[in-house]
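Peer 1: For the record, the sequence lines run as chains A and B. Sequential numbering from 0 applies to the first sequence in numbering that gives the first Met the number 0. Sequential numbering from 0 applies to the second sequence in numbering that gives the first Met the number 0.
Just to be clear, a hint being listed does not mean it is correct.
[As the list claims (entries may be wrong)] If we take Cβ atoms under 7 Å as the criterion, some of the chain B residues that face chain A in the derived model are:
id	residue
1	Phe55
2	Leu57
3	Val58
4	Leu70
5	Asn172
6	Val366
Since the hints were derived computationally from the structure, they do not count as laboratory data. Beta carbons: idealized from backbone N, C-alpha and C, even for Gly.
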Amino acid sequence: MASNSIAPGGTYLSHKNAPVLPPPKQKDAWWERLRRSFFGTPLSAFLTLLSSGLILWLTPDLLRFVLFDAVWNAPDGEACRVPGAGACWAFVWHKLPYFIFGSYPEHERWRVVVTLVLGALLLAWLLWPQKMGKHPDKPFAAALLFLVYPLVALVLLLGAPIFGLPMVDTDLWGGIFLSLVVAGVGIVVSMPLGIILALGRRSSLPVIALASTSFIEFVRGVPMITVLFMANFMLPLFLPETVHIDRLSRPLVGVALFASAYMAEVVRGGLQAVPKGQYEGSAALGFTTWQSLRLVILPQAIVHVIPGIVNTFIGLFKDTTLVAIVGIFDFLRTVETARLDPVWAGPTISATGYLFAALFYGTICFGMSRYSIGIERRLAERKKGRVA
Amino acid sequence: MFPVSGVPRFGLMIGFQPFSLKRSITKILAGKGLAGEVLARWYNPAWRNTAVQVLFVLVLAAILAILGWNLRANMLARNIPTDFSFWNDTAGFDINQTPIAYSPLSTYGRAFFVGLLNTLIVAAIALVLTTIIGVIVGIGRLAENRLVSLLAATYVEVLRNIPLLLQLLFWYNAILKPLPGPRQSLIMPLGAVLNNRGLFLPRPSFEAGAAGVAGALAIGLALAYLVWHFSILKPGWPRNLLILLLAVGPAIGFSLHMPPLALDFPILKGFNYAGGFRVSPEFVALLLGLSLYTAAFIAEIVRAGINSVPRGQSEAAASLGLPPGLTMRLIILPQALRVVIPPLTSQYLNLVKNSSLAVFIGYPDLVQVFTGTVLNQTGAAVQVILITMAVYLGLSLMISFAMNHLNRRMAFVER
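Whenever a hint applies, use it, and build me the whole structure from the sequences.
Peer 2: See below:
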């Protein structure tokens, strides 16, 4: 320690020979490997003790709160207010319909269920990894999900007296279903708009490029809350007085524009990754600009950035919680409302509600990130030619 | 050969061309007025590009003009102020954290600066804290010790997959709010006290010895630098230790003679703590939430950066006899930093923008004070929102500029 040092200028000087090490063993005993892994150096040993201490200190309390002392069944908050009681899962169970549907009329909730199941099926079809060589059906699935499904969902959720579905005011929408609607609108709008903005930013026409770049950089430079404020307070002022814009539509516009700017940057990365030869090759084959984009460039660019797109969706899904600032009852806001219910109020209610919300968001976002990592691996292998 | 429909097929074309709407219209309109002129030139790329851009500008200008006209009409119809005269009006509301003098009698402009300063304070402290936590967790994920890397991985996966707003609400409503009152406060190390009124820290104040200690420290540092720079100490001596002693020794000696600081400890008086320095629970929650959340992303960036340094670098360092600590400091980190800085910049930008979530837990930042209260009281939505956006854009630009400067300095110098 004392004899080795760094001289001025960052040169490293060693003033004595390094100790002669014994030749490495052919194979260590398992306990030897274990010892080296956990107690190899003094620092490692210290960290092992520290982290096992931390785990031993936290885990029992956590387990007691979540499982052993938890209240699973109770008609109201009485049992949860007992000193020493753990998480009040009875509260979550009783409020579950409210968490999922918000104030959506009870006898119309089947419409929400049908919409969600339909969307889940289409999404599964689109995202299911497909073997190369099979006739691609993903463009068809994408067209259904991005063009047909939104209309079906709109009719089902909002209602259409012609089909015998009574109208349901958007003021009654809420809960998990509304969070999914906000995220869904963001995704459906931001994909095409993001592609258009990315193409615009890379356009050879300076005016178009400047306009796209300004929009993207402006939106990316400000917090989402200010975009929501803008959509909520300024959007009605921008429209003629005769046009009434719904309380839910305003933040939806904000979310869609916000997501588009981020999506544009992801797509731009994909466009930049497509080799120049692809543009030149398609031009040499006589493709027009639009044919070349639609048939050659975009399919490669989009596939290349699927992981980035999924990561943007994760961010978008987490950001949907912010719409509460303009009075939308998304899932987190319903948790906030429910935990203040005097029937259930108690010392553990807040923690229980947040734990449930964390499980919900955490599971979905973790699942999406695993999917993104899986796709990334597949793409890397396809590049190496391992997957046909 | 061309299974894709809609692609022109090549072949013999003798005397017959398939029907084309565009071509037919061109033929009909050729040489007839403006439309004919446009169509005739449409196949000239330079002309077409200019025309498209002019058209784009015209359409954009028309849309903006219509929106602007609507905006003016609506604002006049609803009696919304259209100028910035509200800036000098009396605010009439109080703010619970005021780094500059402020009272309900101050102006809206003053309230704006209070909010801006509060945003800057929490963002600056969170930036430092999140970098430290992020680097530690990122290195921890790469540790050979499985227990440590497991803990770090759990931290990252849990924290980054839960919305920041949920984490803020959790810290504020589920941890800090239910804390016991002042009488049953949690006593923290170094005389700090935590209860549901906030975090009370000892407040340092400068005493008579402060100037002397500062002078002694300066002299010590200068001496240590000279000794280090001219390599006065012989190899074989405990050089690092001696240089450290030389640097801080005089200051420590002088402070024993004449103390530079006095600590004003918080003391329970009646129903609350008096003295010391009170940090509001809102600030603690926002600081914790922002730094822990961003640290999860920074940890991943640090891990990717260290992984990007080829294995041969650390192997070469080891074969030169460099101990692991110095290998990290002199070989790995400088190279990793080049990969780390660009994504780190965007995380810093995210942190500053995310500090606007303060509004949800009532920390008086720019959005809570200005875009919340001032907007509601004055009704000047357009002005207030545009000013807020301009401030965040300016902050983003400043951080980008600083980090780009750092990036250029760190960039690999090629011959």
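Peer 1: Hint by hint, work out which the structure violates, then give me just those numbers in ascending order.
Peer 2: 2 and 3
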